[in-house]
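Protein chains: 2
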Amino acid sequence: MKIALAQLNYHVGNFEANSQKIIAAIHDAEKQNAELIVFSELCICGYPSRDFLEFDDFIAQCTNALNEIAKHTSKIAALVGCPRKNPIKEGKDLFNSAFFLYEGEVKHITDKTLLPVYDVFDELRYFEPNNKFEVFEFKGQKLAITICEDIWNVGNDNPMYLSCPMEELVKQSPDIILNLSASPFSYIQHEERMKVIRANVLRYKIPMVYINQVGAQTELIFDGGSVVVNAKGEVTEQLKFFEEEIRIADCGLENADLKSEIALIHDALVLGIRDYFAKLGFKKAILGLSGGIDSALVLYLAAEALGKENVMSLLLPSGFSSDHSLADAKQLCENLGTKYETVPIENNYQGFIQALNPFFKDLPFNVAEENLQARVRGVLLMAFSNKFGYILLNTTTKSEAAVGYGTLYGDMCGGLAVLGDVYKTQVYELANYINTSSALRAPSPKGEGNTTPLIPQNIISKPPSAELRPNQKDSDSLPEYDVLDKILFQYIEKRKGPKELMALGFDKKLVDRVLKMVNGSEWKRNQAPPILRVSPKAFGMGRRMNIEGKYLG
Amino acid sequence: MKIALAQLNYHVGNFEANSQKIIAAIHDAEKQNAELIVFSELCICGYPSRDFLEFDDFIAQCTNALNEIAKHTSKIAALVGCPRKNPIKEGKDLFNSAFFLYEGEVKHITDKTLLPVYDVFDELRYFEPNNKFEVFEFKGQKLAITICEDIWNVGNDNPMYLSCPMEELVKQSPDIILNLSASPFSYIQHEERMKVIRANVLRYKIPMVYINQVGAQTELIFDGGSVVVNAKGEVTEQLKFFEEEIRIADCGLENADLKSEIALIHDALVLGIRDYFAKLGFKKAILGLSGGIDSALVLYLAAEALGKENVMSLLLPSGFSSDHSLADAKQLCENLGTKYETVPIENNYQGFIQALNPFFKDLPFNVAEENLQARVRGVLLMAFSNKFGYILLNTTTKSEAAVGYGTLYGDMCGGLAVLGDVYKTQVYELANYINTSSALRAPSPKGEGNTTPLIPQNIISKPPSAELRPNQKDSDSLPEYDVLDKILFQYIEKRKGPKELMALGFDKKLVDRVLKMVNGSEWKRNQAPPILRVSPKAFGMGRRMNIEGKYLG
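Same order as they appear, the protein sequences are chains A and B.
With this note's numbering, the residue at position 486 of the first sequence is 486, and numbering never jumps.
With this note's numbering, the residue at position 173 of the second sequence is 173, and numbering never jumps.
Since the hints were made in silico from the structure, they are not lab data.
Do not rely on the hints blindly, as some may be mistaken.
[To be verified] Cross-link-like lysine-lysine pairs, in silico, BS3-like; alpha carbons within 27 Å at most: (1) 232(B) to 139(B); (2) 85(A) to 499(B); (3) 89(A) to 171(B); (4) 89(B) to 195(A); (5) 284(A) to 361(B); (6) 284(B) to 524(A); (7) 21(A) to 516(B); (8) 361(B) to 330(A); (9) 361(A) to 308(B); (10) 361(B) to 89(A); (11) 524(A) to 524(B); (12) 508(B) to 387(A).
Since we're looking at a predicted model, the values are computed, not measured.
Whole structure, please, built from the sequences with the hints as guidance.
Shown next as structure tokens:
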């Protein structure tokens, strides 16, 4: 059977746009003589629809769109994801379902069995799990239809679940597994996904067609990368990452051109920025460019995502800014061809110092004055944002967000935190990757040895500093990032407590200090902009902590 | 049997403080000859512990504390809530359990069966549901031990659940139901709770001892109000609301002294502020006092919660502030006996206008300049906060938060949003309640007719205004609050879509406008301070929406 894989970018709740996209894909596949086109999980409303699912009106719109789409399936079948009302009173009100449409009507419905509730997933909040299993026969082929998590309990080996849909379906001798997914990116996700897909096809000895959503929904970035894997575990079709694609699966083996982890993170961040703007209807971004590596990286990524003509930088020097900061920032804008303006903050800063003088009197310079500088910058950036319609991009890294190294309403301002799930050590890796790959794309006419790095080397090599007091370095307040990031990774990604961290060789004092900083910053992170998720455990919707919890605090 | 009800205020993750409190209560009850003392759900770690529960080290500390507490039960039994490891591999790693401790050891364990996943609850994220049911006999009495939600499916009539613990337990002829709860306040919660408790005792014809947690955990405010209800449905013990209490249940009928809805909201907000400060280790609050009703109400509540000596107001007049604003604000501070300082914002505002002039040129005054004023105020308040250690209280109401009427990083600054779940119409009710009840508490020596209202009448009667441009009124940008709040209530609390709202008699244009404002403000609310929850559907952890969703946007 000729099956089309539709890997598309949906907009949550935009029924018109999603339906048009789905209908166009159906016609496209029909022209290419496909017999069935398979879409991703909950494609009609977009994934995740979150608490919109609690509105009867929202569900009614899903059903209307489904009926409209069904009309276009007279010659080709379509398998689409859509929520449906639970017909019985007991249990949650909805199922997370896949509708098999053909000859203008619904021929079969499959409900999702394994509903994830961990990290960023909340599916049991909305959906009742399925417990009936039935393969569906179409044109002589028995289809085992599964939805995302349904294939993630291979042979009942995932301790999170008590049932396994494929163990039930295999009793009915299916010919092929179809899986409709909405599986968000993290830098380990593709590997995990391929392990699970291979384990399924090898166990059940039938091929799998796996369709994933693509596109970002604020924090969550769906990477696509849909595949067809044959019964021997070989990838016979590999769709693109981070791009829409419709592929007819009838060709031979094609090896996947897999990118490095850091290249995938790069692509994910670019898509994350692009979709945030596209889906909210914005065009132009602004950011504060300090001459440091974090804002340099965000500027580069924003220019990639939105076009260099749509990204504006403000250079906001203070009395504590070093000479090279301005020069490096300007050099970067020239390299990238992006606009910038310079707005010195000294006058506004001194204006506040004067206004506060009757109260602060001769109390010593401290964090109040440091934060004041960051907040003056925030006010200026937001004024440009309000006047000219720019969206402010935040440049905080995961390392800084973790330990609370940043000023709330100052450098923590912004509509989107581009690097909030990228550790400082990964920021350097990304910068070097960009310089290398941009050099490869545009070699100097005089040969490779002569290429100027896109991100000036000085930005990469200087020691990190917030420049809020004379000769300040990040290392005055924080451990060196290479040590800090390792502790943070074990605590945040691996949930290791103090004793386990010491067993890994970290010093007790250092561990106590770092954990205290992380737990004592929940109140700050609570007001941070949404963060593009690229790791298996990001700050944001997937990590739910108490602000006033005392544990290790 | 003499049973002690321990209604206590726990601090999430503060094992030392929680254990000491539990042990002291055990000794106290023992002295009063109680045979059993019952604590609330998950009292050892505090509820909700959220993702701390994913740390093995956190669970190990729970177990250590449990073992320590058990040592104090040689003469009196104690029933305490504590998570426990799931001994089998399949399913979630933990149970939400109640441990029956006696003679220094664990005599019986009950695991929670019904695990809520809706609104603010996430229990299936962490816990495996129980499916074994066993009454426990102690001193000749058969105890049906249940945990919170376990009693909320009376006779299997709650469509959310497929099982009913009491229907199973009743087969073993229990003498009494014990329920360990952590049931957060909303203004309808006590009524709902009493309905459920009465339905249980009347159906099973045995009494219930119901123990609830008290105290706030950032957004969630636990109101206590524990009860003993006899088999006829009569309340024989009613513990206090919003206060700790240990009560020995062996006395006769005592009628509950129930307060009005608005009085309960008042008490909840005071406790919410007090516990936020106490549990984070803060003492002093600051806020911007505009002369309007929202900040007036927050000042009063903060003075109640923290003591008038710990609350500081800044009066931050601009060129657009009306004369009465300053006078009314000063009068209020005098009535309450709280400190204030005046810091005019005009110079700093003009400083920014000058700095921005090369870019803004002669573009007309708009939201950029309005927001600038709010942000200058934010910077000044945060400077006081940083220099003197005040926590900034936010004064945004639920009506404003809903429609995005506020300036991010300006009047949306703050550590805690006191009124973020209180509609503007309820703000007026609260102010009138405070004026009435404070007049009752401190009658004028010359008789009732002569009392001066605590909150000056002018603050209550003037039309609401942000005062960010000449003669501005909230009603320039928003529908009148009495209409707006009704639409918001139906959309937010009742999840009614546009058609349903029109069926309720609201104008189509108005509905479209309001819903667009609400859905278009998710990005703003995403960075708002945590909100004290007093309604059944508050902004915050219990309402999970897409920032870039398009539905009704």
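Hints, verified against the model:
1. Among the hinted pairs, residue 232(B) with residue 139(B) is consistent with the structure: their alpha-carbon atoms are about 24 Å apart, no more than 27 Å.
2. Between residue 85(A) and residue 499(B) the alpha-carbon distance is near 19 Å, which keeps this suggested pair within the 27 Å criterion.
3. About 25 Å separates the Cα atoms of residue 89(A) and residue 171(B), which keeps this hinted pair within 27 Å; it holds.
4. Only pairs whose Cα atoms come within 27 Å are accepted, and residue 89(B) paired with residue 195(A) is accepted, the gap being roughly 21 Å.
5. With a C-alpha separation of about 20 Å, the suggested pairing of residue 284(A) with residue 361(B) holds against the 27 Å cut-off.
6. Between residue 284(B) and residue 524(A), the direct Cα distance comes to roughly 18 Å. Compliance with the 27 Å bound is thereby established for this hinted pair.
7. The suggested pairing of residue 21(A) with residue 516(B) holds, with an alpha-carbon distance near 24 Å, which does not exceed 27 Å.
8. Between residue 361(B) and residue 330(A), the direct Cα distance comes to roughly 24 Å. Compliance with the 27 Å bound is thereby established for this hinted pair.
9. Restraint check: the Cα-Cα separation between residue 361(A) and residue 308(B) comes to about 25 Å, which is no more than 27 Å; the hinted pair holds.
10. Proposed proximity of residue 361(B) and residue 89(A) is contradicted: the alpha carbons are some 63 Å apart, above 27 Å.
11. For a cut-off of 27 Å, the pair hint linking residue 524(A) to residue 524(B) stands: about 16 Å separates their Cα positions.
12. A threshold of 27 Å between alpha carbons decides the hint, and for residue 508(B) with residue 387(A) the separation of about 31 Å lies outside it, so the pair is violated.
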